[in-house]
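Chains as they are written, first to last, in this note's numbering: chain A, 326 to 942; chain B, 581 to 898; chain C, 136 to 287; chain D, 296 to 477.
Everything labelled a hint here was simulated from the structure, so no lab data went into it. Predicted model, so just to flag it, every value in this text is computed and none were measured. Glycine included, every Cβ here is placed at the ideal spot set by N, Cα and C. The reader is advised that the hints may include incorrect statements.
[To be verified] DEER-style ranges, computed between Cβ atoms:
| no. | chain 1 | residue 1 | chain 2 | residue 2 | range |
| --- | --- | --- | --- | --- | --- |
| 1 | A | His-765 | C | Tyr-200 | 49 to 55 Å |
| 2 | B | Leu-841 | A | Pro-543 | 57 to 63 Å |
| 3 | A | Ile-835 | B | Tyr-626 | 30 to 36 Å |
[As the list claims (entries may be wrong)] Derived BS3-like pairs: lysine-lysine, alpha-carbon spacing no greater than 25 Å straight-line:
| no. | chain 1 | residue 1 | chain 2 | residue 2 |
| --- | --- | --- | --- | --- |
| 4 | D | Lys-302 | D | Lys-366 |
| 5 | D | Lys-454 | C | Lys-275 |
| 6 | A | Lys-848 | B | Lys-808 |
| 7 | D | Lys-366 | C | Lys-272 |
| 8 | D | Lys-445 | D | Lys-363 |
| 9 | B | Lys-639 | A | Lys-846 |
| 10 | D | Lys-430 | D | Lys-445 |
| 11 | D | Lys-366 | A | Lys-851 |
| 12 | C | Lys-159 | C | Lys-280 |
| 13 | A | Lys-848 | D | Lys-448 |
| 14 | C | Lys-266 | D | Lys-363 |
| 15 | D | Lys-430 | C | Lys-280 |
| 16 | A | Lys-851 | D | Lys-445 |
| 17 | D | Lys-302 | A | Lys-846 |
| 18 | B | Lys-588 | A | Lys-851 |
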Amino acid sequence: MLMETFYAFIIGSLVVLALNRFPRIAAVVAIAVSLLPLFALIYWAPLVGLTLPSYLSLLRFETEISYALGPGTILLQITPLGWFFLFLLATTFPLVLLFASSFVRDNAGGFYASMLLTMLGSFGVLLARDMLTFFIFWEIMSWSILALVLRGHDRRAIVSYLAFGSLSAMLLLFGFMILYYKTGTFLFGEMALEATPLTLAGISMIVAGFAVKGALMPLHVWAPHVYSRSEEPFVAFLSGGLSKLGYFGMILFMYGVATVPFFATWGTFRGVPYFGYALAVIGAFTAFAGTVLAIMQDDLRKLLAYSSIGQLGYVAIGIGIGTPLALTGALFQALNHTFFKAVLFLAAGAVYYRTGRWKISELGGLGYKMPFTFLAALFAIFALASIPITSGFAAKWLLYEAAIEQGFLFVTPIMLIAGVGAFLYAYKILYGVFLGEPRHDVREAPLSQLVAMWILVLPLVVFLVFPGWVLDITSPILQEYGMQPVAHTPYVITTNLAAYNTIAVILALIGTLFLALILYKWKPQKVVPHEDNYLAGEPPENYEYISMHAASNYYEPFEDVFGGIFRKGAERGWEIVLAGAEFLSNGARRIYTGLTEDYSIYILLFFLVLVGWWLLW
Amino acid sequence: MVIEIIEKILLLSGMVALGFIIGMFFNGFARKVTARIHNRVGPPIYQGYLDVFKLFAKKTNISHGWIFDLAALFSVAGIALAFLFLPVAGISLLSTEGDLFLILYLLAIPALGFALGAGASGNPNAAVGIMRALMLMLAYELPLVMVIVAMMVHYNTTSLATLVQMQSNFKWALFVPQFFIGAIIVDMALQGMLMEKPFDIAIAPHEIASGPMVEFGGKHLGALMLYKMMAIVVETTLFVDLFLGGGVVLSVEQYGWIAYLVNFLVWFALITFVFFLALLINAVFPRFRIEQALKFYWKYDALAALLLLIWVYAGVSI
Amino acid sequence: MMAQELFPQAQKIREGRIRIETTKDEVGTILRKLKENGYDHFVMLSCIDWINDGEFELVYHMWSYEYREHVMISIRVDRENPTMLSLRDIFPQIETYEREIHEMFGVNFIGNPRLGDFILEGWPHIPPMRKDFDTEKFVKDFYYKIPEVREE
Amino acid sequence: MRNEDWKKISRLVSKRSLWMVHFCTGCGAMEMPPVMTSRYDMERFGMHAMATPRQADILLITGYLAVKTLKRVVQVYEQMQDPKYVIGFGSCTINGGMYWDSYNTIKDLSKYIPVDLYIAGCMPRPEAIMDAFLKLMDMIDKGEAIGWKKYRKYYDQYKRNQRMAFAYRLDEVKEIKEDDAK
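Next up, chain A with everything else stripped away, as it sits in the complex (with noise of 0.2 Å):
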């Protein structure tokens, strides 16, 4: 019932509209309705190896279908590639709407019909078999994500969407039409590339156009602007879901369609194609100056936005390396992305839910108040800043793995250093909103939104002692890219250089947990409230002339040494690139000056080229 699932998209966003006014029971639908992709899923799980028991695939899914639609044909099929990436949306997308029938109230209906038409043409793109259904769906997310950003009603987040979204568009269709041009098949299956600079400009435009959409530097513009003025659980399935379509392009393209040898025609680096090699150094800076940036925003949503760029500039350099442990890399770092970021903006949501403060500087020592939203954000925490004790520390090794096997010696520690300045934003998240000086008297946020976060964490948990899981779902797509997979069990990953051993990680950090426990429960202790602190002896009642909570500003030396070089530089660039924009333009409407005299001379002037064009050839 593969066409019955889109239909069913369509009839539940009308049906949710309709419910604008109930938006409990819009809830219900819609999560209902969001089902679906996750049956696909299990039905489909024996593609990637998996075998899961009957009785969890209850509906009977196509793996292969064509579809007269008018004129054209839509023609689907579901792919290996194509099935992990549904993974990620399929199981964040339910949940994402399960937190916002708590989170969002003004206009329900009219939010779950546009989340569920996001999801309609993300599913599209993902079982898409052809160029053309490729891009109708592509499209239909686009325009979808765009009603979304309409309800953030901030100017300069949907005048950056509209202007990035078109240009990606833009780009994504002169590459398709490049591409059909050269080997008229719009089919992904049937295309044979030459290695012309044509194809190559092609290739080039689609992974661009690709890369607005994940967000790589400097097509990244947008991206902060809808992920802080967005509401909460649509960014987490922005960030967490969407922004990895883009990714999921890019790897159809550059490895599905167009392959290493196309790209190693012109030259190879230390094994990397050129082409590939950009882009990984494209995604390092990213992965860096997103970090930077991350540093030094106070907007929560900011933040985390600035944050999603570095870490899926991460993505990119696994992509551009294209090594099969480079690109299982990326893939499970997507994953662990689309997990972690979303619980992240998810917790940003319950907070702001509770407190009505997005700032960071104003929020602080929450962790007592909404325990369980601290522990799901720690989590996630831990896995952004890739410590070994969640799953965020497979993806970023597997990634450094790559890098050194091909030898590259200043993408690594850029990558390197980048993870480093994580731990510096992740540090300033748990301590300006879960820790030091309680302001708020709140209480734990909503079941709805504790369940929500909470299975969201679960498979940075389940993946961290079983990173060989994911390694398992991503073979099959290296297979079919002819690479061979990386040799792995269900806990120990091993490369040519070194191998990881989970099991050992977590037993080993379970006895040296349990020895320190000894230590520390041999003595009994004494809880002291929160005014019972050492500051030079002031006591308690001059508090009020004190500030605490020492979250404001909190890395100014950092922005003293950095903040010139990174503040604003890339919408400067962008500012730059306007002006010429906007001084060519002025310079064309010169020519057309509405002068019959002036026209005859210009077509005069053509045929003279053409017929100079025809006898100099």
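Starting from the known structure of chain A, arrange chains B, C and D on it as the hints suggest.
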């Protein structure tokens, strides 16, 4: 099977205990050396043991809640974990199960755990101290990872155990010209890692009342002292493993248990020496400001590391 | 311009030390004028309790780095109801001295918003620097009468 | 091992590792640098200056205490963790010293917090300070330095005296009793 597991567990806990014992010794050693440089008598060399014992013998122990307690737990557990993943005197207990990247990230567990607890105390001094510590970490990690990456590419491995093995028979990385410079760069980074002067910015007792530790006392402080002392052992061992062949001088196959003993003694002498170098700098320097530290590491140290990278890059492709 | 040229009533006590006796209303003008003419350092504000005259004397000390000259502007206020206008708009640091004088002598400076507890927190008696406050008696009646901690 | 033995060992070790927080009021702080540096070197005994009362064992009060300062001293003292010891330094802490007739300095520190040891003199020489440290270590060893136990036991009396001083009035007692009744 069961006996093997028990054996392994005993070995590992013995290793952790050894690490703590050496760490506590280093505390007294450091104070004694500093005192002698200051022309003082200084405390007895076993002072570290007394201090830790006293802290755990305190009658009241004040906590600020369960997040505060995580600091003590995670700092001790995390640093012990990092120690287990290091090859010590050629003995690699768990070091084949992970690699250098894992160790670099394992070192973040105690740091972040500690930061978590310090932040939970709600003291502004602690927050400022943590800010400085994290920024210092960002500062010294850049030259450190640059040199480490250069070594990884040069030796074509990321595993520290393999690296130590490749340096056996005195083929120390220190004797390779480019990594001699690398060792100097990393030694400077080590000064920041150990938080000795001029990089004791995060603690700075005279400015921000010992920074992150401001609210810790009694057993909590005892746990943190254990962490700091063990961190000395871990960080110096990392240096010794990277550049000085991990202290392996005799091969175990040839000499049997004597080799273990000798290697162990050599390892101990080497880490003491590395720490001693840091102490010499510590004893005579005042303190940097945090911007100065950041600029020092990112300008001079990282620039030197960049030259090293270029050298290695040229060397590899020839 | 030096203080003596500015104010004819100024007396020279000795080299580099000038004293101007004036009234409550004029002190603001004098301070302003001195500030404009190189006497840019406000040193301090002091107070003397002339208990027999029934007056407080407030002395504003100014210093000029240019002329190396110390100018003391002295005014007298009524002891029973001591009030004075706050001059914190001329030199902001006067605020602190006014707080001190208020606490130690009970002079009320109109226009100073921070006349609260300063050094003595919650002092219930008459201001301690007044000459009719007997410190020795207070110490004997208070500090020495606080009981020792009895151990059973 | 019996509890007594354990206590004995713990005292034996604790006395060799005394960490100190200085409460530097008045002129007494001037005498501390020689004690800490190479001439007298108190680190010989494992003594160390600490930054916060949470970490410290000894509270060293060097000089006179105004009532406002006393508030801070009490706060600092209560933030220290048991066992904790107080050393009163100089005559000011014993009887007010040269401030015997000041309306604003307390005369006898032991009325407000329990003092284990006084160092007489104005100023005490560093030798006297070293001697006091040795004496304190001896007292700890013998179990005589029990100021922190006294503070727990007679908490009401100490608090009453403190409140009297903070209010500059003897009749505060009534209010205190009412507070306690609540």
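Hint-by-hint comparison with the structure:
no.: 1; hint: A:His-765 <-> C:Tyr-200: 49 to 55 Å; result: 52 Å, holds
no.: 2; hint: B:Leu-841 <-> A:Pro-543: 57 to 63 Å; result: 59 Å, holds
no.: 3; hint: A:Ile-835 <-> B:Tyr-626: 30 to 36 Å; result: 32 Å, holds
no.: 4; hint: D:Lys-302 <-> D:Lys-366; result: 33 Å, violated
no.: 5; hint: D:Lys-454 <-> C:Lys-275; result: 21 Å, holds
no.: 6; hint: A:Lys-848 <-> B:Lys-808; result: 21 Å, holds
no.: 7; hint: D:Lys-366 <-> C:Lys-272; result: 24 Å, holds
no.: 8; hint: D:Lys-445 <-> D:Lys-363; result: 24 Å, holds
no.: 9; hint: B:Lys-639 <-> A:Lys-846; result: 14 Å, holds
no.: 10; hint: D:Lys-430 <-> D:Lys-445; result: 19 Å, holds
no.: 11; hint: D:Lys-366 <-> A:Lys-851; result: 23 Å, holds
no.: 12; hint: C:Lys-159 <-> C:Lys-280; result: 43 Å, violated
no.: 13; hint: A:Lys-848 <-> D:Lys-448; result: 22 Å, holds
no.: 14; hint: C:Lys-266 <-> D:Lys-363; result: 23 Å, holds
no.: 15; hint: D:Lys-430 <-> C:Lys-280; result: 31 Å, violated
no.: 16; hint: A:Lys-851 <-> D:Lys-445; result: 20 Å, holds
no.: 17; hint: D:Lys-302 <-> A:Lys-846; result: 19 Å, holds
no.: 18; hint: B:Lys-588 <-> A:Lys-851; result: 37 Å, violated
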